[in-house]
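Participant: Going line by line, the protein sequences match chains A and B.
Heads up, the first sequence is in our numbering, so the first residue is 1 and it goes up one at a time.
Heads up, the second sequence is in our numbering, so the first residue is 193 and it goes up one at a time.
These are computed hints drawn from the structure, not numbers from a lab.
Check before you lean on any hint, since a few could be wrong.
[What the hints assert, rightly or not] As a list, the in silico DSS-like pairs of lysine-lysine whose alpha-carbon atoms are at most 27 Å apart:
1. B:Lys241 - B:Lys272
2. A:Lys111 - B:Lys213
3. B:Lys213 - A:Lys80
4. A:Lys102 - A:Lys49
5. B:Lys303 - B:Lys213
6. A:Lys104 - B:Lys273
7. A:Lys81 - B:Lys272
Note that the coordinates shown come from a computational prediction; the quantities given were computed from them, not determined experimentally.
Number of protein chains: 2
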Amino acid sequence: MNFLEERIARDGVVKEGNVLKVDSFLNHQMDINLFDQMGEEFARRFAKKNINKILTIEASGIGIACVVARHFNVPVVFAKKAKSINIDGEVYVAEVESFTHKNKNQVIVSKSFLTENDHVLIIDDFLANGCALQGLISIVNQAGGTVEGIGIAIEKGFQVGGQMIRNLGYQLESLAIVDGMDAATGEVRFRN
Amino acid sequence: MNFLEERIARDGVVKEGNVLKVDSFLNHQMDINLFDQMGEEFARRFAKKNINKILTIEASGIGIACVVARHFNVPVVFAKKAKSINIDGEVYVAEVESFTHKNKNQVIVSKSFLTENDHVLIIDDFLANGCALQGLISIVNQAGGTVEGIGIAIEKGFQVGGQMIRNLGYQLESLAIVDGMDAATGEVRFRN
């Protein structure tokens, strides 16, 4: 087990319905030293890529992205979630439909902060069905930029998002891939 | 002018209605080196305080808080905004009413992550009327913790929030206090 898997095994809480609660260190209370280790590891895995910007999405991606960004010495842009807004032509918009909830959400980034010159690393805390991630990729494509890679803290390996993104040819690096969990025993099974 | 005031003077955009846009470096695209300088300055200003946790609020406070936290070597908790939720007894809730919009919003933190042992530094990007900040202080008080200080990037000095918080006796440190701005000339006037 790597450092993040160890932390999940120790402090993650498994709930019924394949829910993994990591809010004591990842997405409500945030362990900045852990985020720093994640940054170090992403820097190692994406060492061959020439990255000049990190893109993430509010809210729980922002903290990780900002600490990771120090290891790449690049700025971070965070996409905003909106139910539905009046588009004024100055923003890129991706409309993403949730597989699970069937509702549509918009993901928005100002055109000022993504261009065809950007080589983007996308960072997020969780990857499950990948709806938010599809929106972020769509926005980089709208800008004419390049997705150099995708760094995720925890991937739910039993949901479709990760496979779909890898099928599309992106370098997707998830620091912990959860292949199963058991709410009765609290056990989390990681992919080797 | 200090480093943040210089950056605002250079890259901030003044719009009609006392709107100061700083989304190229503070709250949409985020300059992590600038956040690091802010962390260094807050560490200097709060050097006498014994701080073991940083509290902020989604979304745009999170990035600053996480980078600042490295200078204090403490975890960050971010409060969530909600329109209205069913309270399950496991969260602290502050109901804050906006002076300007007259709508009510809830600010929520899990009871697991704030206790009477916590000595809290509150961090946020903007302070204007101070509604969000009042909610954060209320939540620390509900937990029985101590607000050791409040660190703000940009305070709108011509709105009531900062004065109110100082009147209450808190150590409030705003790195840039804007006393006025002019949309016609683009000029921003800082407090000495």
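Participant: With reference to the structure, classify each hint as holding or not holding.
Facilitator: Okay, the hints, checked on the actual structure:
1. B:Lys241 - B:Lys272: The hint holds at about 26 Å.
2. A:Lys111 - B:Lys213: holds, 15 Å
3. B:Lys213 - A:Lys80: holds, 16 Å
4. A:Lys102 - A:Lys49: The hint is violated at about 36 Å.
5. B:Lys303 - B:Lys213: violated, 35 Å
6. A:Lys104 - B:Lys273: Roughly 20 Å separates the two Cα atoms, so the pair holds.
7. A:Lys81 - B:Lys272: Roughly 14 Å between the alpha carbons, so the hint for Lys81 of chain A and Lys272 of chain B holds.
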